[in-house]
Amino acid sequence: MNISYRLADIAAQFGGRVLGDAGVLIAQIATLEKAQSNHISFLTNSKYRAQLAGTRAGAVILGEADAEATDLPRIVSDNPYAYFAKVSALLNPLPEAKPGVHPSAIVGTGAQIAPTASIAATAVIGDGATIGAHSVIGEGCCIGANTVIGNHARLYPRVVVYHGCIIGDNLIAHSGAVIGSDGFGIAMDDGRWIKIPQIGRVVIGNDVEIGANTTIDRGALNDTVIEDGVKLDNQIQVAHNVRIGAHTAIAGCAGIAGSAVIGRYCMIGGGARILGHLELADHVEIAAHTLVGKSIREAGSYAAIFPFSKIDDWRKNAVHLRHLDDLAKRIKTLEQELKSLNSESLKGQN
Amino acid sequence: MNISYRLADIAAQFGGRVLGDAGVLIAQIATLEKAQSNHISFLTNSKYRAQLAGTRAGAVILGEADAEATDLPRIVSDNPYAYFAKVSALLNPLPEAKPGVHPSAIVGTGAQIAPTASIAATAVIGDGATIGAHSVIGEGCCIGANTVIGNHARLYPRVVVYHGCIIGDNLIAHSGAVIGSDGFGIAMDDGRWIKIPQIGRVVIGNDVEIGANTTIDRGALNDTVIEDGVKLDNQIQVAHNVRIGAHTAIAGCAGIAGSAVIGRYCMIGGGARILGHLELADHVEIAAHTLVGKSIREAGSYAAIFPFSKIDDWRKNAVHLRHLDDLAKRIKTLEQELKSLNSESLKGQN
Amino acid sequence: MNISYRLADIAAQFGGRVLGDAGVLIAQIATLEKAQSNHISFLTNSKYRAQLAGTRAGAVILGEADAEATDLPRIVSDNPYAYFAKVSALLNPLPEAKPGVHPSAIVGTGAQIAPTASIAATAVIGDGATIGAHSVIGEGCCIGANTVIGNHARLYPRVVVYHGCIIGDNLIAHSGAVIGSDGFGIAMDDGRWIKIPQIGRVVIGNDVEIGANTTIDRGALNDTVIEDGVKLDNQIQVAHNVRIGAHTAIAGCAGIAGSAVIGRYCMIGGGARILGHLELADHVEIAAHTLVGKSIREAGSYAAIFPFSKIDDWRKNAVHLRHLDDLAKRIKTLEQELKSLNSESLKGQN
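Line by line, the protein sequences are chains A, B and C.
Note that our numbering has the first sequence beginning at 36, numbered continuously upward.
Note that our numbering has the second sequence beginning at 36, numbered continuously upward.
Note that our numbering has the third sequence beginning at 36, numbered continuously upward.
None of these hints come from the bench; they were simulated from the model.
As the structure is a prediction and not an experimental result, all values here were calculated from the model.
Treat each hint with caution, since some may be false.
No distinction is drawn between identical chains; accordingly, a pair holds when it is met within one copy or between any pair of copies.
Unchecked claim - Pairs of lysine-lysine, DSSO-like flavour, derived with a Cα cap of 30 Å: (1) 364 - 351; (2) 329 - 133; (3) 351 - 367; (4) 329 - 367; (5) 82 - 69; (6) 374 - 329.
Generate coordinates for the entire structure from the input sequences, incorporating the hints supplied.
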């Protein structure tokens with residue numbers, strides 16, 4: 036059962052202006068539709084203001100523009116969405132993990148595990164690895180030799196970090212994530228591929244989250260670098276020697292090819308592909324499913340999506356893509372013919 | 036070695052009409068090309084009828100239209116493809132897993148494991164989790180605290196189910212699948228992303244199959260829901276608060292963004308992307324590699340695929356996509372000029 | 036600390052022509068930018084020749100065309116990129132794994148493990164499986180019953196190989212790879228999908244590398260086949276009954292649908308999709324993010340990429356894709372009208 040907080044307690048902690056009964060007790064957060072009387076809810080977009088009428092929430096978080104749109108006890112915030120996130124974190128603390136090493140875990144020679152860290156069942160910590168204070172290494176995780184993980188990390192079950200990687204504080208890594216696997220480096224030699232050893236590392240800053248089954252390859256010679264505050268969704272592929280700038284967020288299934296340099300505060304949509312050896316400026320947004328094949332030097336939003344349609348319409352239209360150049364030439368020819376016809380016609384009129 | 040069945044035994048179990056020697060013994064199923072005399076084969080498409088001539092199969096499953104296309108012992112069925120599936124399941128039962136908990140598995144406090152269930156080596160069952168009758172939890176699987184898995188589940192090695200998820204009967208989950216990881220919920224606050232706790236669950240119905248390395252995120256506040264009979268191939272990403280309707284099948288590498296609602300009996304092609312907060316009606320088919328960016332209210336097939344070509348042709352044609360609007364305007368201008376020229380010309384004729 | 040080699044020793048081992056001081060000691064390999072005096076660097080493209088000026092490398096590998104572009108001690112090679120790969124492998128040997136079975140590993144009945152093989156902590160080797168000489172099975176790997184893995188394999192932590200698969204020598208498989216999971220085989224029967232047992236195997240040749248979280252499904256009836264020397268990057272999906280020809284290299288996030296046959300020496304770009312039941316000739320190159328929906332019979336490079344642009348430009352242009360057929364018809368109409376106008380005009384002149 037969750038602890039309850041008075042609305043006044045919440046505002047004391049996170050700021051904002053309380054209107055209505057500041058003593059209402061709040062135990063959980065929920066959508067306007069599902070909230071009960073001991074829940075707080077939130078409105079982050081005035082467009083959905085009508086939903087306030089039907090809610091059974093005990094209190095609401097909302098922005099200045101909607102401050103008077105309800106009589107419910109409420110907190111008015113400049114950024115109701117972030118406020119919601121903070122209140123939810125207060126009401127839903129992560130379960131504490133018991134410090135110590137589970138008897139079924141395997142710890143290598145010379146590994147340094149902070150006394151407040153927790154190493155779960157069947158986890159394997161490599162020789163010389165370091166696990167920081169209050170970090171939680173989940174069931175079945177493997178931490179490679181000499182890898183350093185900072186404080187307050189939370190690795191969910193079955194995360195693998197290869198040897199020699201450096202990770203800052205507050206990492207969250209979800210199950211199946213792989214950090215430090217070999218980059219895809221091969222050279223053709225006399226009809227056979229030979230492997231290029233991948234001797235760089237993965238270096239990750241503070242406050243990074245890595246989604247389930249996301250992979251981040253180690254560098255070929257230099258390092259792959261993920262800066263502070265980067266947020267990666269599930270099943271993202273980050274190739275060797277990529278650098279992702281601070282506070283960039285990337286949605287599921289995106290792929291970043293080798294040596295690409297992504298700026299700070301970028302947002303990359305689901306399934307987007309960034310080709311190798313190119314650069315994205317800060318504050319670039321890439322639409323879902325878009326391939327970026329050249330560097331982008333200017334902040335802004337970019338897209339390359341084929342608009343979907345009924346399959347018969349698609350077939351009818353798409354066939355012309357193989358002849359677009361021909362269509363463009365025919366337009367040009369028409370323009371020239373029409374021009375000469377016009378001048379003929381003018382001559383005729385004279 | 037497989038058990039053998041007489042053709043008559045098979046027909047007694049699954050129906051259909053036997054023609055030819057009903058006593059032929061069948062031990063395995065194979066393609067027409069590879070089948071031997073103690074194998075049954077199948078023809079599901081009259082187009083390939085010619086392959087019947089060369090087969091060494093002992094018997095064949097086929098449809099009414101092809102009933103007389105061979106003299107081999109045969110079973111005639113309304114749905115030879117489904118019939119093939121059933122016969123193959125009869126001939127290839129899953130190996131039995133020994134009930135009980137392997138000594139190297141770790142079982143949490145208060146977990147309820149049915150006596151007929153099998154918990155394999157190095158699996159970890161969380162506190163308060165429930166594993167139903169005849170369910171098999173493979174090597175290295177992690178089942179989170181208080182998660183409920185129904186009867187006759189088969190989890191292959193290294194599946195992770197996070198805490199508090201609810202799964203029906205007959206689940207098949209392949210290696211590397213992750214169920215219940217956090218959705219990608221972040222809010223920008225003063226130049227930094229803050230995490231939105233993901234407090235919903237994943238709720239999965241009966242008869243669901245989940246492919247290798249597929250990920251299904253838990254809901255942010257409400258649940259992510261996978262209805263009965265849904266079939267998911269490998270490496271699919273299902274984001275938080277998605278609902279997938281019953282009997283929908285999704286091919287590998289597809290991605291469904293947050294809060295999308297997919298109808299029943301949909302078929303989604305490999306690598307397709309469904310954007311967030313939209314709805315697909317029942318019986319919608321999406322072609323491979325197609326991005327769906329708007330709700331689809333009408334059953335039918337939809338596509339958005341750029342037709343491939345030799346790279347020089349592609350380059351020549353694709354460049355015009357950045358000027359399509361200009362081309363369209365030039366066509367309009369031509370039409371107007373031609374129209375005025377035509378009326379000039381008519382005037383000239385008068 | 037790495038062992039050092041004289042430049043002459045390196046050339047003695049790998050060939051090439053030494054110019055300058057053949058006695059310089061080399062301990063590591065690095066980029067021209069980062070190399071120190073005991074490092075060797077490399078120039079594989081004359082375009083970057085200017086970088087030679089600033090390097091502090093002790094020696095350089097380069098091609099004939101650049102042989103005189105520096106005074107540094109150097110090795111001149113026909114294929115400097117492959118030469119770099121070989122020198123890097125010499126300088127960066129994989130850490131030796133101690134032969135033997137870790138006490139926490141679980142080995143099934145009748146499994147045959149070569150005395151020189153290494154089975155790491157918490158790995159599980161199934162009944163009747165075979166692990167060849169000098170092979171290393173990483174932490175938490177699961178090798179299915181009766182699977183055969185050849186010599187000198189290196190499986191990183193948490194690789195799963197299902198039962199009954201056959202793998203040659205020198206396999207490298209990265210963490211999270213899944214080999215032999217069920218293909219996506221379902222048949223619709225009276226409103227419900229029924230499963231088609233996947234009774235084929237995965238058969239992998241020699242010298243294959245498989246990236247992190249890549250999945251390779253077993254065959255439905257026949258086998259899925261990966262020939263010698265195939266290199267697969269991360270998060271690739273290979274569906275059932277696919278055949279990938281020798282020495283083909285596939286970049287991250289690509290997907291190959293069921294029963295596709297890929298030729299030898301093909302190169303498939305990141306995120307590309309090859310649809311099922313089609314064939315690619317040898318030496319076919321597919322651009323990143325390209326869908327191939329028909330067989331390709333001729334070697335060469337193929338692409339299908341929508342060029343990206345600023346989102347407003349994209350919106351303006353992309354809308355016409357739903358009307359391309361109409362545009363094409365209007366061009367045709369214009370051509371006809373202009374033609375008849377021209378003949379009118381000619382008549383008028385006569």
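Against the structure, the hints:
1. 364 - 351: both (20 Å within a copy, 11 Å between copies)
2. 329 - 133: So residue 329 and residue 133 fail the 30 Å test inside a copy (49 Å) and across (46 Å) alike.
3. 351 - 367: both (23 Å within a copy, 15 Å between copies)
4. 329 - 367: Answer is within: at 29 Å inside a copy they meet the 30 Å cutoff, but 32 Å across does not.
5. 82 - 69: within (18 Å within a copy, 54 Å between copies)
6. 374 - 329: neither (38 Å within a copy, 42 Å between copies)
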